[in-house]
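Residue numbers (our numbering), protein chains in the order written: chain A, 1 to 949; chain B, 1 to 253.
Since the hints were derived computationally from the structure, they do not count as laboratory data.
You may find that some hints are simply not true.
[Unchecked claim] Interface residues of chain B toward chain A, partial, derived using beta-carbon atoms under 8 Å:
1) LYS33
2) TYR50
3) ARG222
Glycine residues also receive a C-beta, built at the ideal position from the N, C-alpha and C atoms.
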Amino acid sequence: MRFESRVALSEPVGDEVRKTTCYMCACRCGIDVHLKDGKIRYIEGNRDHPVNRGVLCAKGSAGIMQHYSPARLRAPLLRTGPRGSGEFKEISWDEALKLAVEWLDPVRQADPKKLAFFTGRDQSQSLTGFWAQQFGTPNYAAHGGFCSVNMAAAGIMTIGGAFWEFGAPDWDRTKLFVMFGVAEDHDSNPIKMGIAKLKKRGARFVSVNPVRTGYSAVADNWIGIRPGTDGLLILSVVHELLKARRIDVDYLVRYSNAPWLVIDAPGEADHGLFARDGDGNALIYETVTEQVVPVGRQGARPSLSGRVQLPDGRHAVPSFTLLAEKYLDKQYAPEAVAESTGVSAETIRGLAAEIGRVAFDEAIVVDQPWTDMNGQRHDGFVGRPVSFHAMRGLSAHSNGFQTVRALHMLQVLIGAVDCPGGFRFEPPYPKPVAAHPSPHGKAEHFGSNKPLSGPHLGFPRGPEDLLVDEDGKPLRIDKAFSWDAPISAHGMMHMVIANAHAGDPYPIDVLFLYMANMAWNSSMNTAGVIKMLEDKDEATGEYRIPKIIYSDAYASEMVNYADLVLPDTTYLERHDCISLLDRPISEPDAVQDAIRWPVVKPDRDVRAFQTVLLDLGARLKLPGFVDHRGKALYEDYADYIVRHERRPGIGPLAGFRGSDGDRTGRGAINKDQLKRYIENGSFFSAHIPLEAQFYKHANRAYQDFAVKMGFFDTPQPVTFQLYQETLQKFRLSAEGVRAPLAPEAHRQRILDTFDPLPDWYQPFEEAAVSAGDFPYHAITQRPAAMYHSWGSMNAWLRQIHTKNVLYVPGQICDAQGLVDGDWAWVISHHGRIKVPVARMEALNANTMWTWNAIGKRGGAWALDRDAPEAQKGFLMNHLIHELLPPRGDGLRWSNSDPVTGQAAWYDLRVRIEKAEPGAVSEPHFADAERPGQPPTVPAELRYGQEWAK
Amino acid sequence: MTLLPSAPPPKKLGLVIDLDVCVGCHACVISCKEWNTGGYGSALSDQDPYGADVTGTFLNRIHTFEIVPEGGEIVGEAGDARIVHFPKSCLHCDDAPCVTVCPTGASYKREEDGIVLVDEDKCIGCGLCAWSCAYGAREMDLAAGVMKKCTLCVDRIYNETLAEVDRVPSCVRTCPANARHYGDLSDPGSNVSILVAERGGFDLMPEQGTRPVNKYLPPRPRDRLADKAMPLAENSDGAKGFFAWLDGVLDRI
């Protein structure tokens with residue numbers, strides 16, 4: 001038999017292509033949405049888009065199923081039964097918004113701090129923060145505190161930027177790429193594209209991760225480190241590099257505070273601070289004239305070692321002397337850290353050797369003359385082609401801040417920050433701490449019926465900027481920027497519900513949350529948090545957290561604990577902006593931002609949260625949301641994106657500004673701006689001039705460009721802060737020698753952890769519990785095909801991860817008699833879970849792990865009650881408490897980094913015991929009732945059958 | 001039974017999959033699903049999509065497994081356990097038993113390019129082809145009752161309504177790690193043939209005698225960090241020697 005072609009080979013894909021921006025995770029790729037008969041036919045990557053260049057991950061391609069998910073909410077809901085019951089009635093938007101105003105307006109009049117407004121996976125923080133500021137509550141943050149604030153804070157305080165949204169490896173030039181603590185990341189497609197480039201060029205890719213999943217699977221070298229010890233490994237590499245003299249002294253002198261003189265006056269209020277002149281400029285010792293002079297003096301040749309006498313008679317040493325003495329100590333020798341880290345001394349030496357060899361023996365030069373901030377002309381950009389990337393594995397520990405600082409110090413020591421082949425900043429970064437605000441929320445910053453006097457979040461310069469009262473007690477509901485976590489630059493969302501429930505530091509009236517699944521996978525101690533949400537005051541019979549407003553697009557576990565639910569749209573039905581004022585998508589060579597626009601119309605009574613927030617702002621008559629007559633300033637979010645100005649000429653979008661749309665960065669409002677974005681594929685990209693593309697922290701042409709673009713009003717070069725003076729100020733407070741003094745209870749903790757030079761200390765939970773009782777680590781990994789809890793209900797993605805198991809190292813399995821399919825109890829100081837196990841060898845021998853956020857509550861997300869996600873799937877969250885175990889001082893300390901307040905998810909210590917076989921994982925919760933009108937859940941999907949050919 | 005083309009096809013279109021960079025992200029799996037569920041033939045259905053026994057038709061799947069090399073293998077050092085992500089779809093075999101076993105002529109191999117397809121109008125859903133396929137690459141669609149398989153996106157690669165650059169299979173276009181390559185494996189000068197030649201591309205289970213068109217590229221050789229040594233500095237002991245060196249460097253700058 002023989003057949004001719006029987007296939008229609010040249011059918012058009014659909015009727016129309018609409019280009020927008022993906023939101024299946026935070027990567028924010030450009031997508032081409034093909035529409036056919038008014039339905040979504042196909043979503044593919046936009047080839048022109050600078051983030052993903054045409055590729056698209058599993059999540060992005062599954063957007064169809066996300067959009068048509070039966071878990072979508074369909075109308076505003078008002079709770080009618082008890083919290084958690086799922087009993088709601090559908091109400092109109094007008095009723096919902098009137099009710100929200102009835103709850104919020106009295107709070108604003110009486111005591112605005114009684115509103116706590118926190119957003120989860122929000123990409124509109126410049127709007128949500130502005131709204132909260134205009135409302136006047138000091139209690140606002142997004143989710144960075146339980147995500148990766150250590151990464152951001154340590155990066156900004158050390159080099160003026162951090163990984164991910166602030167910079168990227170120079171994928172086209174790097175010859176050695178070392179990644180710490182990343183299974184999958186927000187930057188998912190660029191990392192995959194980058195690894196492919198490295199491999200093709202024969203560059204080496206080293207992955208440091210306790211578990212060899214995801215990217216680690218293809219790494220040339222995998223270092224299966226013990227969780228929480230990355231800092232030790234990095235400092236040991238630093239030790240080796242110093243010993244071998246493999247450091248870039250010229251770079252250190254030019255770009256870091258290595259030469260800055262540190263006052264040596266133990267017991268005095270300025271011991272360990274930088275010596276400064278009358279204008280506040282740091283001083284250095286100049287070796288030719290043998291004089292102490294302010295930093296930046298033309299032609300000065302600073303010293304990096306030795307002790308000098310200051311004009312006032314005191315003594316000081318260059319900070320680099322302290323640095324070198326610290327890390328040359330043999331406590332950081334590879335042999336000394338091998339046992340703690342679980343990494344052999346040979347491997348540590350080999351890693352250091354490769355870093356040193358590639359940085360110095362394989363240095364590259366980009367022949368492009370440029371001028372530095374001192375006016376000195378350079379022939380080219382010298383490149384140290386070693387790059388790094390890091391994320392949760394470093395940051396989600398109670399020593400994460402110092403560990404990330406250590407990694408940035410390593411980058412600076414080898415001269416590999418913003419050079420060809422190294423880690424490169426993405427505009428508007430670098431940005432020194434001095435260009436960030438200090439936090440606002442002190443008593444004098446807010447009051448009845450008026451805006452907060454400045455932004456909520458920022459960087460305290462010292463204890464004087466803490467948001468505490470005269471007794472040192474926290475002023476924010478999450479206790480951010482208090483002695484508990486002084487530099488909690490992203491707030492501490494994971495503490496909000498516990499603190500509000502305890503009325504500590506005070507009770508609140510309204511909790512307003514957006515896109516944060518706090519009744520499930522986004523909270524530590526999930527069962528405890530659920531109880532707190534359900535708990536009533538015995539005297540009044542009222543909930544201890546009296547009113548909860550929640551906005552989400554889906555029937556997540558959190559919905560049933562809200563009193564008022566504001567249903568959001570999907571990402572394909574809304575306007576959004578991915579703004580330089582917020583979380584940028586720039587590349588090292590280009591300034592970029594993007595939009596979303598409604599490529600399909602909602603088929604139900606839902607509204608984009610940002611538009612709802614603008615409406616609420618207008619109804620509450622918040623300044624900035626209404627004009628002088630009280631009339632709404634903005635019709636909707638699209639209107640706000642175009643017409644809102646943060647400073648004159650600077651709005652949410654940088655592209656197509658000016659009345660003709662030909663201005664970039666600064667420019668007048670252009671009413672056609674969104675149209676221009678849509679015509680351009682929903683993004684905007686402006687290239688950085690060649691001479692401004694590297695050494696941005698000290699490059700005159702880049703700094704001028706940044707001012708022209710409106711990132712800053714004056715140049716903001718960055719001097720890398722290897723020695724961190726702000727931390728020393730807290731130590732002086734803790735020593736009781738510098739005002740304001742730290743409260744007694746906090747002093748030892750600050751002295752132990754606020755070293756002004758990057759340091760390593762044992763994670764708190766490990767230090768607090770017995771190694772005999774809890775000998776192992778338990779962590780989670782982010783799957784590439786799902787983003788947190790989003791995606792778990794997606795009909796296609798859930799077939800990839802329908803349930804999760806606990807992966808246990810072979811030797812623990814052997815010791816416990818565990819084989820695949822067995823069940824085990826995993827026990828922490830806080831709780832126990834019963835879970836299915838599987839054996840695995842490619843992981844650290846003391847570490848077990850599972851996928852993040854696969855486990856579901858039965859009935860939630862419109863999944864059947866007996867779905868595997870709810871029956872066998874499980875969360876590690878039940879083992880993790882938001883507080884550390886009591887240690888006899890009468891205090892309960894937050895399970896967080898002591899500097900930034902970052903939730904220490906990965907500090908968890910456990911033991912494991914074989915359990916009787918089971919059918920369901922434990923703890924098992926009562927099924928969630930579906931909120932509102934039950935959706936129609938199909939028994940079978942044949943998506944696209946009507947187009948079958 | 002059904003006959004294979006009598007002469008070797010002038011082209012052998014297929015995929016080359018690079019196991020050195022596949023991170024198992026499943027981008028190809030889902031992109032394949034969304035393209036093909038609205039494309040050639042009946043939709044790729046999902047049964048109990050929100051329930052306990054969810055199952056669906058996928059033309060491309062990734063198998064993830066762990067290996068612990070005993071040493072000497074190209075994949076790594078002895079005891080250096082690793083995870084392999086192995087994408088697998090129809091390999092469009094030259095000697096495709098799924099074609100010859102087909103009782104109705106539904107399963108066929110195209111004469112012009114060697115792509116193996118199913119004519120769904122002729123398919124009676126007997127499942128013999130799936131049974132005969134050594135690779136488990138065919139999937140019975142439970143809703144349509146017909147056999148589904150990778151079409152190499154035949155409705156993309158010749159699709160004149162698409163830009164030329166997009167006339168590649170959906171999985172290839174979407175792969176973020178550049179692990180999937182498409183081309184004519186009968187042409188020694190094609191991109192895919194060069195990759196196979198340079199990287200030692202291999203057949204999956206050659207002992208089955210199916211002569212698959214698709215090829216896999218093995219992981220690139222790796223070497224141990226532990227074998228790298230740093231050249232020692234002179235006077236490498238202690239801070240004093242370090243600062244003496246530092247002063248010397250500063251003098252030279």
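Tested hints:
1. Hint status for LYS33 of chain B: holds, given a least beta-carbon distance of 6 Å to chain A, under 8 Å.
2. Interface hint at TYR50 of chain B: satisfied, since its Cβ lies 5 Å from the closest Cβ of chain A, which is below the 8 Å cut-off.
3. Interface hint at ARG222 of chain B: satisfied, since its Cβ lies 5 Å from the closest Cβ of chain A, which is below the 8 Å cut-off.
Going down the numbered hints, you'll see the structure goes against none, and every one checks out.
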